[in-house]
Structure formats: C-alpha cells, structure tokens
Amino acid sequence: MSSRLSRASPPEVLAYIFVLVVPTSIAQLHSDFSWLNITRISGKWRNIALSCPDFWSTLIFSRPKWTPVMLARSKMASLVVRVDLKKDHANSPEPILLEHASRLGTLDICSPQRQLTTFLANLEHAGAAPRLQNVYVVNTTKDNLEQGMRGTQPGVRLHLEYCAFPWDSEWYSHLTHLHLENINRAQRPTLEAFLAILVGSPNLQTLSVIHCSPTTCLRRLIVELPHLTGLNIKT
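The sequence shown: position 167 = 167 (the UniProt record's numbering), numbered continuously.
Calculated directly from the structure, the hints in this document are not laboratory data.
Note that the structure is predicted; figures quoted are calculated from it, not measured.
Among these hints, one or two may not hold up.
[As the list claims (entries may be wrong)] Taking CB as the label site, the calculated pair distances span:
hint, residue 1, residue 2, range
1, P226, I41, 40 to 50 angstroms
2, S34, N182, 24 to 34 angstroms
3, G43, V199, 52 to 62 angstroms
[As the list claims (entries may be wrong)] Pairs of lysine-lysine residues, derived as BS3-like cross-links and limited to a Cα-Cα distance of at most 27 angstroms, are as follows:
hint, residue 1, residue 2
4, K65, K86
5, K44, K75
6, K65, K75
7, K87, K65
8, K65, K44
Note that the Cβ used here is the ideal one computed from N, Cα and C, for glycine as well.
Put together the whole structure using the sequences plus the hints.
In structure tokens:
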C-alpha cells in the first residue's frame with residue numbers, strides 16, 4: 001500500500017484491510033507473525049490496529065504469553081481459534097475456550113481422535129457457543145465423532161474431514177455451508193439420512209461431498225434447495 005493511499009484512506013478502510021491480512025490457515029498463523037508488523041509501520045497504523053478488536057480476535061496459542069494481550073485487545077469480538085493439537089498439544093486452547101466459549105465464532109481444529117473427542121466434550125460442558133458460525137474439523141486418525149458440542153445457532157458453516165458426527169446430530173441443522181470429505185465407508189450416511197440433512201438446512205448455499213458418497217436408499221426423495229449456489233461432488 002503506497003504512503004499516499006495510506007494517508008488518504010479512512011481509518012475504517014485501513015482497519016478492514018488489516019483484518020484481511022490476518023492468516024486463515026493453521027500452519028501460517030502459528031509460524032508467520034509478520035502480519036503483526038502492521039502495528040510498527042507508523043503511529044497512525046498502530047492506533048488503528050489497537051482500536052480494531054477483530055484484528056486481535058484470532059488467538060495465537062503457540063505463543064501463550066500473547067493470549068492475554070490479544071484477549072484484552074479483541075474486547076468482545078468473536079474469537080477465532082485455529083489449532084493443530086497433533087503438532088502442538090502442549091498449547092491446547094481448552095483453558096481459554098472453557099472461559100470464553102460464549103465468544104467463540106470460528107473453530108478450526110486438526111487433531112487425533114482421542115484429543116478431539118475430549119476437546120469437544122469439554123467445550124460442550126462449558127456451555128453454548130451462541131456466536132459459533134464456522135466449524136472446521138480434521139480428524140487425523142480417521143475415526144468417528146460423538147455428538148460433541150450442542151446448541152449451535154442457525155447459519156453455521158460445517159467442514160468435516162476424516163470424521164463425522166452422528167447423522168441425526170443437531171450439528172447438521174440449519175447449515176448454510178456443508179463440506180464432507182474422506183469419510184470412511186463404514187461411517188457414511190445412507191442416502192435417506194443424507195437427504196434428511198439437506199431437508200433440515202433449507203438455506204444451504206454451498207455443498208461439497210468429497211470421496212464420501214452416501215450409501216443407497218430404497219425410496220425416492222426430492223429435496224429443494226433454492227439458495228444453493230455451489231455444488232462439488234467427487235465419488
């Protein structure tokens with residue numbers, strides 16, 4: 001960004017750009033901290049960043065000393081949690097999430113089955129997460145999940161790889177985006193159960209079913225998804 005453009009841009013525009021710079025992948029978030037240099041460019045940029053709670057809402061658990069600072073600076077913004085418990089089990093976000101579950105907006109977690117099950121169960125006991133809108137779960141040991149945390153709100157984006165919640169779970173209700181990938185054949189839903197999920201999400205906008213096609217169904221069902229704009233199916 002040129003210095004002239006920077007000077008001419010309103011603070012709210014710069015704040016919006018700063019938020020876009022925050023890493024959205026687990027690996028980059030915990031290895032590349034260059035985006036935080038925004039606060040060192042100039043006094044103006046630092047003040048704008050400090051007054052932008054969303055810029056600080058993506059917590060960096062690989063740097064535990066930063067967590068209290070980011071929690072304070074993010075004020076009451078919805079929290080973004082991106083963690084790989086297989087690579088960094090020592091810095092689990094559980095203690096923080098148990099205290100701040102009501103602020104959780106995005107949960108992006110990669111973990112072995114055992115830790116993942118415990119993590120979701122403990123989060124459920126912490127209470128509802130009314131702001132939770134984005135859930136990405138990658139199970140590195142390719143096993144199924146229990147019911148997990150309940151009480152999510154309508155409009156959730158749900159992304160599951162190598163795992164699935166029970167097919168009658170509340171997780172599959174009122175979704176806007178659903179991504180299922182590489183689910184073991186023994187764990188795949190019947191077509192009837194899969195279509196029931198679609199019926200329960202009439203506002204679904206995107207659907208991806210990658211290498212986890214449902215099993216056969218004996219009766220014919222028709223599902224209407226008037227808001228669907230993206231469909232990706234790979235058998």
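Violated hints, by number in ascending order, as checked against the structure: none
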